[in-house]
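Here the protein sequences come in this chain order: A and B. The first sequence: position 115 = 115 (this note's numbering), numbered continuously. The second sequence: position 214 = 477 (this note's numbering), numbered continuously.
These are computed hints drawn from the structure, not numbers from a lab. Positions of the beta carbon are idealized from the N, C-alpha and C atoms, including for glycine. Worth double-checking, as some hints may not be accurate.
[To be verified] Computed cross-link-like contacts, DSS-like style, restricted to lysine-lysine with a CA-CA straight-line distance of at most 25 Å:
hint	chain 1	residue 1	chain 2	residue 2
1	B	K518	A	K211
2	A	K223	B	K514
3	A	K220	B	K474
4	B	K286	A	K209
5	A	K251	A	K232
[What the hints assert, rightly or not] Listing some non-contacts, in silico: residues in chain B with all C-beta distances to chain A over 10 Å:
hint	residue
6	D318
7	L357
8	D402
9	S512
Protein chains: 2
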Amino acid sequence: MSNEHNSSLTLETNIFEYFEAAKDRFLPGISADAVILGYDGQHIKVLLLKAQDVDIWMLPGGFIEKEYDIDIAVHRIVKARTGLEELYFQQFKLFGRSDRNAHKQEHLKKFQELSSAAHDWINQRFITVGYFALVHIEDVAPKPDLFTNICEWVALDQLPPLILDHQEIIDTALTYLRRQLNYLPVGINLLPERFTMSQFQNLYEEILKQKLDRGNFQRKMLKLDILIRHEKLKKGGAHKAPYLYEFDSDKYHEKVRNGIGFI
Amino acid sequence: MSNEHNSSLTLETNIFEYFEAAKDRFLPGISADAVILGYDGQHIKVLLLKAQDVDIWMLPGGFIEKEYDIDIAVHRIVKARTGLEELYFQQFKLFGRSDRNAHKQEHLKKFQELSSAAHDWINQRFITVGYFALVHIEDVAPKPDLFTNICEWVALDQLPPLILDHQEIIDTALTYLRRQLNYLPVGINLLPERFTMSQFQNLYEEILKQKLDRGNFQRKMLKLDILIRHEKLKKGGAHKAPYLYEFDSDKYHEKVRNGIGFI
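Looking at chain A on its own, in the form it has when it is part of the complex:
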């Protein structure tokens, strides 16, 4: 699923103005990048952008407006770049290597006519703060922004080469997700509203990159008392259909706050 962006006529003017105004509008030397994760029922996917004209892929990211808390600025960046809003976000790391953007950025080279002040601003040392978001893939329609012409979900094992340290940012997000799994509302933000126990288990196996014992998983999940089981529909063969479950939202979030403790 991808969406082509059609406003190329005014694109360069707008980007030009964007960088010329950056010094006054944004905090110096800090950006934010978002690892937006979804689950398509089989695999974890990440939302990537492709730069205009050149084959350069990146995470949705941007700069921090001076008047906003960073947490809020990240929501605004992601909405502007992908159209997505009201996501569950979690900060996971500040990336602070001194050489992380030491190389000139290829996809910005065409803006030769920028003032030297704007050039200096873009090419100063940047640190970036990583956030991840968890999204119901089926509920959203990501769309690219002025800088990009593709915005699409890519499976983790099919990622293209990424700009700067964006691969490291994704890897770090996934490690954080694994280690904090007991304290993150992963199931409720990635599974569809109703799901089978085996979908639930598959999601955890995808995140943890390991097979889990079916009986153990089901026993632990049921014991947590966070699931509502729905009656099977009385259709032909329904006796063989698996049960559908739904999270009891209050109980679920209460457990997550204190550590869900099932892995």
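Position chain B relative to chain A; hints supplied.
Below, chain B without anything else, positioned relative to chain A:
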């Protein structure tokens, strides 16, 4: 335990020079603060500094030198401010509220004679990245720097009011420590080289703020195969003395990498 700093004669000149040079030397708008934690055998303590002349307490922190990775800059800041080096550090959060240093900093008010450029630099919006360190209290002798006259260990339940959002930074560090306990080399960095099982259990109880079952704790720890048990000394009454243990460093760090899984 505290150490008084005696170089007050040249102090103001040096701090003056420090702030005048800050714009050229440091990244703009970003600082780092360190939550340095030690364990005295009974309680977790945190290393605090008190500002010169005024009763203002703070974490050891500072600015990021332009040429250094942030991880390295943090080591340099902590060494300069407390004398401590070669510590185990872990970044845990970037604090990015837009108003976190909106109030003029009381302990800097005496530097009225600073240039307006230096004043602007100090009073710009600052975000700060939090790191914690784990230290063997008995091995180190912290000492204050130019800005401060006391540098001492304070128990977590006896903290004075702290500057800016430093209380929140400490609380966040402790939450991170609890949630990531399985993946952090806490025991080996906080306990003395040889320790009893009950000291080990008490450390975990202090961090988790809850009592643990003695039998369970001992069984799990022994099963991990990370401990070397030392023979009891053959002295009078030694048959009643508890065993002393030591970590098998290689096995310990291998377990921590993969998640120690005992809580």
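Against the structure, the hints:
1. B:K518 x A:K211: holds (20 Å)
2. A:K223 x B:K514: violated (33 Å)
3. A:K220 x B:K474: holds (24 Å)
4. B:K286 x A:K209: violated (46 Å)
5. A:K251 x A:K232: Holds, at about 23 Å.
6. D318: D318 (chain B) is indeed farther than 10 Å from all Cβ atoms of chain A, at 30 Å.
7. L357: Given a closest Cβ separation of 4 Å, the condition is violated.
8. D402: Non-interface label stands for D402 (chain B): nearest chain A Cβ at 28 Å, farther than 10 Å.
9. S512: holds (22 Å)
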